[in-house]
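Colleague: Chain by chain, the residues run as shown.
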Amino acid sequence: MQITGFMMCVVGGRGLEKEKVIEMKNLTKMYGNYVGVKDLSLMVYQGEIMGFLGPNGAGKTTTIRCCLDLIAKTAGEITIFGLDSHKDAVTVRKKTGYLPGDFGLIPSVRVRSYLKYLLSLWGCNSTKKMVSLAERLQLDLDRKTNELSKGNKLKVGIVHALMADENLIILDEPSGLDPLMQQEFYCILREEKKQGKTVFISSHNLAEVESVCDRVAIIRKGQLVVVENIQLLQEKTGKVLEVEFRDPFKIDEFRFEGVSSIHRDNGRLVLTIHENLDSVIKVVSSHQILNMNLKTYSLEQLFLKYYAEGEVDEGGMDDVR
Amino acid sequence: MFGRMVYMELRTGLKGLIIFGILVLIVSAGMPLIFPTYRDSLIEQLEGANKVDLELPDEQGGMITLSWEPLEAATSYMVLEDNRLSMVTAKLKCMINETSITFEKDFEEKRYYAVMAVLDETSDPVLIGVASTEKGEDPLQELLKNPAYAGFTGGRNISMMEVKGFVALEYYSWTWMLTGLFIAYLAVSVIAGDFENKRMDVMLSAPISRRRYLLEKFTAMGVIALFIVSAEIAGLTWGLASINALNEFSANAVLLSLIGCLPFLMVIAAVGVFTAVFSQKVRTGMGITFAFVFAEFFLYTFGGFSKSLEWMKSISIFKYWDYLSVIFDDLFKAGDFILLAMLAIVILIIGMWVFEKKDIPT
Chain A
553 MQITGFMMCV VGGRGLEKEK VIEMKNLTKM YGNYVGVKDL SLMVYQGEIM
603 GFLGPNGAGK TTTIRCCLDL IAKTAGEITI FGLDSHKDAV TVRKKTGYLP
653 GDFGLIPSVR VRSYLKYLLS LWGCNSTKKM VSLAERLQLD LDRKTNELSK
703 GNKLKVGIVH ALMADENLII LDEPSGLDPL MQQEFYCILR EEKKQGKTVF
753 ISSHNLAEVE SVCDRVAIIR KGQLVVVENI QLLQEKTGKV LEVEFRDPFK
803 IDEFRFEGVS SIHRDNGRLV LTIHENLDSV IKVVSSHQIL NMNLKTYSLE
853 QLFLKYYAEG EVDEGGMDDV R
Chain B
30 MFGRMVYMEL RTGLKGLIIF GILVLIVSAG MPLIFPTYRD SLIEQLEGAN
80 KVDLELPDEQ GGMITLSWEP LEAATSYMVL EDNRLSMVTA KLKCMINETS
130 ITFEKDFEEK RYYAVMAVLD ETSDPVLIGV ASTEKGEDPL QELLKNPAYA
180 GFTGGRNISM MEVKGFVALE YYSWTWMLTG LFIAYLAVSV IAGDFENKRM
230 DVMLSAPISR RRYLLEKFTA MGVIALFIVS AEIAGLTWGL ASINALNEFS
280 ANAVLLSLIG CLPFLMVIAA VGVFTAVFSQ KVRTGMGITF AFVFAEFFLY
330 TFGGFSKSLE WMKSISIFKY WDYLSVIFDD LFKAGDFILL AMLAIVILII
380 GMWVFEKKDI PT
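Residue numbers (my numbering), protein chains in the order written: chain A, 553 to 873; chain B, 30 to 391.
Treat the hints as calculated values from the structure; they're not laboratory data. Even glycine gets a Cβ: it sits at the ideal position worked out from N, Cα and C. It is possible that part of the hints are untrue.
[To be verified] Subject to a maximum C-alpha distance of 30 Å in a straight line, what follows is the list of computed DSSO-like cross-link-like pairs (lysine-lysine):
1. K227/B <-> K647/A
2. K680/A <-> K227/B
3. K572/A <-> K386/B
4. K386/B <-> K139/B
[Said to hold, decoys possible] Far from chain B, by Cβ distances over 10 Å, these chain A residues were calculated:
5. L622
6. L657
7. I814
8. V822
[Said to hold, decoys possible] Label pairs and their computed distance ranges (CB to CB):
9. K572/A <-> P390/B: 49 to 57 Å
10. L635/A <-> T391/B: 38 to 46 Å
11. Y586/A <-> I374/B: 44 to 52 Å
12. G364/B <-> Y586/A: 50 to 58 Å
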């Protein structure tokens, strides 16, 4: 709850200015006794690209599928564009493009026919955007759906999610494109964002979405761990100093403003430093140093830390601030 | 716009549908074509049956005389006795060199006698004919009254010597299996296939409700059923015209008798839709739907075994596709037609309700 409160505080300013596109309140989904998602509250605002991160089985797909009413929520509320995700599911889907994490295509039809068929279900007659996206992603529209490679199948899914010009685009783990295509894909997403579209993109790999997301939400074991602006997060990660001394030391010696975490690890001193690095180094140098390592706490490590069981429960964001 | 999914369903299944349509056309046209040959062989068989003559005594305890036409190549004759026409439990009454025997009627139940000519040691005996102790009974007509066949005749005295009787018994009585199981297979696979092949997420992420999804799939089944029935009508009419039998079995009777099959097929389709959304698996759904079709057939058959079992007929959908009334009595039962159509709609609505409640699996 502390983390959720923090999240609301950080994004609250933006929320006042921008329209909420997705609003989840205390979303819970149970599969019998198994928790899919528990008490998840999250907001996604218009015109942002929101990353939804978590390890496999964390509840990302469950959350997304609840939003699209593909599965029924056990408790909580989801509103999309101010509409109830269940009662107004058809209207919500009219405004939403969706790429499922795993999907099949209608076999033995040409990609063009398949996509035109899906466009027609959205009541959209123009194929202009479909053709343009296919060209940018180098997708051959005249191939048959059962002849496509995994990567090309993903491209079909991406074109499908974007071609009807929906205001909200939900992408469930769109990974598997080659690096050049991946960049082109992110470029397309940024353009969508410029046009005021909202993108909600899930992934288990931060590195994949780091460059394109404005904010990220991390989910683990069905519960939201943190929601944060990517830039702020990068600033907050700080540096980690690991020192082994020949002589004894006291932890209190290293208590400075800007040092968020101090602990011993097998005789080593481990500090997480955001400010006053100079003061810390001076204290360190007053001891006999056996070994020392100063490293940047990368975002990827940060997320691995969140993914790891138990870490967050002991302090969450405070541990790294 | 409604109909997009119907169109796509027909388009993707077009090849299979055309192949099946041609098969139905060939079977429907071919059946009347073999009627003349069948009738000729039947005449021969009936002549054979008349070769055995049975004289009954006026009183119990009198003498029965069984006589038959001699066969030139016969070395002796074998007389078999049974109380079933099928003669599967027949016992040897006697071996004789004469062409008649006389014996006491010391029983009351109906008995059947088959006379066979023994030719030589290397050849099998040849059936000369069959006679029964019931006066004026034609054994073949009697066979048709057997409860096992009653389901196909509706208790009518149907003659296989007429084209109507032949087509009713040799075509209508089993085509339900061909068309019904095909529709059952399609109805289950088009929906459960979307589940199993992970297409459902894409389909239902489109701005269409689950109810509309099912309605479109069901409508596609309706169009396919109409196509199959049309192929049956066209094939049968053409076959009957080819043997100049349309004066006996009119094109109008063909049309009305087979149109009655439409709601029958739609009930099967609705059950297929229901089991597909309920089980979400092709094999399970197909197993349940096939079992439903056969269970309905057995209910109808068993319902004809005795009056106390007639209620079984009432709960079978086969009772409500009464093609025999159209063929033999010129009576199209519109009430039955509507009843089946309503049943299909009710099952579909239940299917929709279940679908609304179910999670779509990943």
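Colleague: Each hint: holds or not?
Modeller: We went through each hint and held it up to the structure:
For a cut-off of 30 Å, the pair hint linking K227/B to K647/A stands: about 22 Å separates their Cα positions. Proximity of K680/A to K227/B is assessed by CA-CA distance (about 27 Å); at most 30 Å being required, the pair is judged to hold. For the suggested pair K572/A and K386/B, the alpha carbons sit about 28 Å apart, so the restraint of at most 30 Å is met. Proximity of K386/B to K139/B is assessed by CA-CA distance (about 60 Å); at most 30 Å being required, the pair is judged violated.
Not every CB of chain B is more than 10 Å from the CB of L622/A (nearest about 4 Å), against its label as outside the interface. The Cβ of L657/A does not lie farther than 10 Å from every Cβ of chain B; its closest approach is about 7 Å, which violates its non-interface assignment. Annotated as non-interface, I814/A keeps its C-beta farther than 10 Å from every C-beta of chain B; the closest such distance is 44 Å. Interface exclusion of V822/A from chain B stands, the closest Cβ pair being 41 Å apart, more than 10 Å.
Between K572/A and P390/B the beta carbon distance is about 30 Å. The supplied range of 49 to 57 Å is therefore violated. Evaluation of the 38 to 46 Å hint for L635/A and T391/B yields a failure: the beta carbon distance comes to about 24 Å. About 38 Å separates the C-beta atoms of Y586/A and I374/B, a value inconsistent with the hinted range of 44 to 52 Å. A beta carbon spacing of about 51 Å between G364/B and Y586/A agrees with the range 50 to 58 Å that was offered as a hint.
Checked against the numbered hints given earlier, the structure breaks hints 4, 5, 6, 9, 10, 11 and satisfies all the rest.
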